[in-house]
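K.L.:
For what it's worth, numbering that gives the first Met the number 0 labels the leading residue of the sequence shown as 0, then goes sequentially.
In short, the hints are calculated from the structure, not lab data.
Errors might be hidden in some of the hints.
Claimed, not checked - BS3-like mimics (lysine-lysine), calculated; alpha carbons at most 27 Å apart, straight line: (1) K82 to K110; (2) K165 to K134; (3) K104 to K134; (4) K82 to K103; (5) K165 to K7; (6) K134 to K4; (7) K165 to K103; (8) K134 to K110; (9) K38 to K165; (10) K130 to K103; (11) K2 to K68; (12) K134 to K82; (13) K130 to K162; (14) K2 to K82.
Claimed, not checked - Per label pair, the in silico range of CB-to-CB distance: (15) K208 to K82: 34 to 44 Å; (16) H48 to S131: 18 to 28 Å; (17) L225 to S159: 13 to 23 Å.
C-beta atoms are modelled at their ideal positions from N, C-alpha and C, and glycine is treated no differently.
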Amino acid sequence: MAKPKLPKPGTIEVNPSILAADFAQLADELAVIERAGVKMVHLDIMDGHFVPNITIGPPVVAKLRKHSKLFFDCHLMITDPRKYAPAFVEAGANNLTFHIEVEKKPAELIKILHDMGVTASICVNPETPVKSIEKVAPLCDMVLVMTVHPGFGGQNFIASAAKKIKTVRKIVGPCVRVEVDGGIDVKTTPIVVGYGADTLVAGKAIFSKKDRIAAINALRIASKQLPLES
0 MAKPKLPKPG TIEVNPSILA ADFAQLADEL AVIERAGVKM VHLDIMDGHF VPNITIGPPV
60 VAKLRKHSKL FFDCHLMITD PRKYAPAFVE AGANNLTFHI EVEKKPAELI KILHDMGVTA
120 SICVNPETPV KSIEKVAPLC DMVLVMTVHP GFGGQNFIAS AAKKIKTVRK IVGPCVRVEV
180 DGGIDVKTTP IVVGYGADTL VAGKAIFSKK DRIAAINALR IASKQLPLES
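From just these sequences and the hints, can you work out the full model?
P.N.:
Here is the structure:
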């Protein structure tokens, strides 16, 4: 199986988050979204320490890897990403996102991830200023802006946090993907795309719908619409 690659910047990509999927049917859920033509899937990794929830670890990622050709975008909402990064890479992760809030030497970790053969992404929580990643964001392949507090799906979109996307896009230019996660649906998609996001993490907006493929296509259509607010 050829190693999946992060889509090149310049396209809008819907990135379904399996946090909202049926965990008893994950392989089937991946197959459905793959039929919808998505190129990537968002895997929420939570440790019960950095965030108040626990989800999946490397063994589950490894099992899913056997059933999917999608690009695995692993969001490490964990206290010690350095310690666990090798296990996730071995399991089949293609991108590892870590939080600036837990990493004192982010540039070093970005290099470590690149040396392991995966792409690297850095994330900022709603309260974290963009200034904290200003120097290292251009070193990444993708930057993730949280528009909810990490730890649980289905939260309400934080409009003030979304405005950080504009600053991030100015910092990284057109050659780095800008991802947004939290409260993304057909109403908020035009807003974040208007700010400069090109990678849309959506969970409930897809997996709460009976027709997952139609839900994904609705987000694609919304990404081409002008925002009602700015």
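K.L.:
Each hint: holds or not?
P.N.:
Status of each hint after checking the structure:
For the hint pairing K82 with K110, the CA-to-CA distance comes to about 15 Å; that is within 27 Å, so the pair holds. Proposed proximity of K165 and K134 is supported: the alpha carbons are some 16 Å apart, at most 27 Å. For the suggested pair K104 and K134, the alpha carbons sit about 11 Å apart, so the restraint of at most 27 Å is met. A distance of roughly 14 Å separates the Cα atoms of K82 and K103; the hinted pair therefore holds under the 27 Å criterion.
With a C-alpha separation of about 19 Å, the suggested pairing of K165 with K7 holds against the 27 Å cut-off. For the hint linking K134 to K4, the alpha-carbon distance of about 25 Å falls within 27 Å, and the restraint holds. Our distance criterion of 27 Å between C-alpha atoms is met by K165 and K103, whose separation comes to about 25 Å. A hinted pair counts as satisfied when its Cα atoms are at most 27 Å apart, and K134 with K110 qualifies at roughly 14 Å.
Restraint check: the Cα-Cα separation between K38 and K165 comes to about 24 Å, which is no more than 27 Å; the hinted pair holds. Of the pairs offered as hints, the one joining K130 and K103 holds, with about 14 Å between alpha carbons and a cut-off of 27 Å not exceeded. Distance restraint check for K2 and K68: the Cα-Cα separation of roughly 8 Å lies within the 27 Å cut-off, and the hinted pair is therefore satisfied. Taken as a hint, the K134 and K82 pair is honoured in the structure, with Cα atoms around 23 Å apart against an allowance of 27 Å.
Simply put, K130 and K162 have alpha-carbon atoms about 14 Å apart, close enough for the 27 Å limit, and the pair holds. Pair hint K2 plus K82 holds up; C-alpha atoms about 23 Å apart against a cutoff of 27 Å. In this structure the hint that K208 and K82 lie 34 to 44 Å apart at CB holds, the actual value being about 37 Å. At about 20 Å, the beta-carbon gap between H48 and S131 stays in the expected band of 18 to 28 Å.
Roughly 21 Å separates the CB atoms of L225 and S159, a value that falls within the hinted 13 to 23 Å.
This entry satisfies every hint, going by the numbered hints stated previously.
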